[in-house]
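In order, the protein sequences belong to chains A and B. Each residue of the first sequence is one higher than the last, beginning at 78 in the numbering used here. Each residue of the second sequence is one higher than the last, beginning at 73 in the numbering used here.
Simulated from the structure, these hints should not be mistaken for laboratory data. Please note that the accuracy of each hint is not assured.
Claimed, not checked - Partial list, computed: chain B residues near chain A (C-beta under 10 Å):
(1) Val107
(2) Pro115
(3) Glu119
Virtual Cβ for every residue (Gly too), placed ideally from N, Cα, C.
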Amino acid sequence: MIKKTPKQSTLQGIKSLFVGLRVTGHNFVMPQITTHYPRQEVDNLVTYRGHIELVPKEDDPMTSKCILCGQCAKACPSNCIELVIRKEEVEPPPAAEAQPDADKEEAPPKPAPKKKVKRILEAFILDYNLCSLCGQCVQTCPVDSLEFSTNSYLAGFTREEFVFELLERMRKKYKASSSG
Amino acid sequence: MNIAPELIHIAVALAAIAAFIGLNGLVLVWLERKVAGHIQRRPGPYEVGPWGLLQPVADAVKLVGKQLVRPKVADPWLYWSAPLLSFTPVFLLFLTIPFGPRLIGMEFNLGLLLILAFSGLNVLALCLAGWSSANKYSLLGAARAVAQSIAYEIPLLLAVLAIAFQFGTLNLSTIVHHQGPMPWQWNVMTQPLAFIIYFICAVAETNRAPFDLPEAESELTAGFHTEYSGMAFGLFFLAEYAYIIVISCVATVLFLGGWHGPGAPGFWWFLLKVYALIMVIIWLRWTYPRVRFDQLLNINWKWLLPLALVNLLLTLIFVKM
Ligand code: SF4
Ligand code: SF4
Chain A
78 MIKKTPKQST
88 LQGIKSLFVG
98 LRVTGHNFVM
108 PQITTHYPRQ
118 EVDNLVTYRG
128 HIELVPKEDD
138 PMTSKCILCG
148 QCAKACPSNC
158 IELVIRKEEV
168 EPPPAAEAQP
178 DADKEEAPPK
188 PAPKKKVKRI
198 LEAFILDYNL
208 CSLCGQCVQT
218 CPVDSLEFST
228 NSYLAGFTRE
238 EFVFELLERM
248 RKKYKASSSG
Chain B
73 MNIAPELIHI
83 AVALAAIAAF
93 IGLNGLVLVW
103 LERKVAGHIQ
113 RRPGPYEVGP
123 WGLLQPVADA
133 VKLVGKQLVR
143 PKVADPWLYW
153 SAPLLSFTPV
163 FLLFLTIPFG
173 PRLIGMEFNL
183 GLLLILAFSG
193 LNVLALCLAG
203 WSSANKYSLL
213 GAARAVAQSI
223 AYEIPLLLAV
233 LAIAFQFGTL
243 NLSTIVHHQG
253 PMPWQWNVMT
263 QPLAFIIYFI
273 CAVAETNRAP
283 FDLPEAESEL
293 TAGFHTEYSG
303 MAFGLFFLAE
313 YAYIIVISCV
323 ATVLFLGGWH
333 GPGAPGFWWF
343 LLKVYALIMV
353 IIWLRWTYPR
363 VRFDQLLNIN
373 WKWLLPLALV
383 NLLLTLIFVK
393 M
């Protein structure tokens, strides 16, 4: 920055006084931009960042997009995400065995294919008491399975009310929207 | 024998002044919050009464209902006398202000001097309040108030003196009579520099933002009135607003032609000008950030004081010519 002479900075200072008055004067006559809350409600909440919610699959709204990678739980600085995963053994599809392998007869026999384990999301638990709304989880999710809710009127009386099971919430929301 | 009507006149005037201060205090609290709200693009008070008009009344009731607390280590006499000392001189200040051609509490030849002298008492009140509270924030606030008031009193006096020299009187009515109804006949035209200096100093004298260092809430909690609760705080608060009205009244009398105005002269012109000035003061408060203490003193000693001296000198030369 070029050092200003005292005269310059004084003149600039005096000018800035009037600029300031113009700014406030201008805002004084402009219409208000606040909402009188209990009497009016905010209509545009898309930019509001509430607690996180699971995003359902487009074709199947009862399951979430989540691939159970666990990245969100790892990324969360407050440790408020917990994934409850149930493992289920499934028979490998028989099509895998019937692969044409005719020209390599001496090849050792393949070990019996391992039984595949399917991981199923039982519950996605968010302890909103701890959440700092940092957005790390939403950002890390590789499949965009998390989003911020826009419930700005969330309130409760106990801590327990703020431990959410997101999978259930997602399904309930879908049921409510499909029945309603 | 002929002293009695004069006394009655003064008594009536004092009662009227009390009503005037109380009413204006309420209006100003409301006005200030409304203006602040609108400048910040929000409505300001709007729940109590139509347009929130009853909000200051609710505030006042709350203040009156609150318990008065005194810190154990505070000096009781000084502690309780400070708010009274801050508020009571206000009555005297309004006494000599000519609101209209005949609407004046007391015709007094040294009216200007009386106002300047008694407004100085406020500093003493702030000093006592801060000192007797036995609280470091209060003490710092009081120290600031004293330094600030003493500094700004000098250019203020010099600016006012220029007007006094010009007309050779300290009588406020006479000064008004010398001015005409049209804006270009007002003293602000012949003494613009004095007006600006007076205005800046007056804002600083009342400890208003941007010169509100004695009660800088971000540094000193509430400055000199940190320990005061309820109506004791209320009196400081009311006194602050009363002083704002006083300085606007004096500015109107000295520079803006008092109750003169195009068309019908009368107290409405006076009130209109006073309220316009008050609006400007409120506007300033919600525009400027607080100055730093060294800046505060620099503005005064490096700018206002020399300018006021030059202005006074020029006035003298013109008057003598
Ligand atoms: S927003 Fe931050 S704190 Fe909240 S759940 Fe996501 S990662 Fe954790
Ligand atoms: S990061 Fe996304 S996909 Fe991975 S577990 Fe979390 S929500 Fe599921």
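Hints, one by one, checked against the model:
1. Val107: holds (7 Å)
2. Pro115: Hint on proline 115 of chain B: holds, closest Cβ of chain A at ~6 Å, below 10 Å.
3. Glu119: Constraint on glutamate 119 of chain B satisfied, holds at 9 Å.
Hint check: no violations occur; every hint is consistent with the structure.
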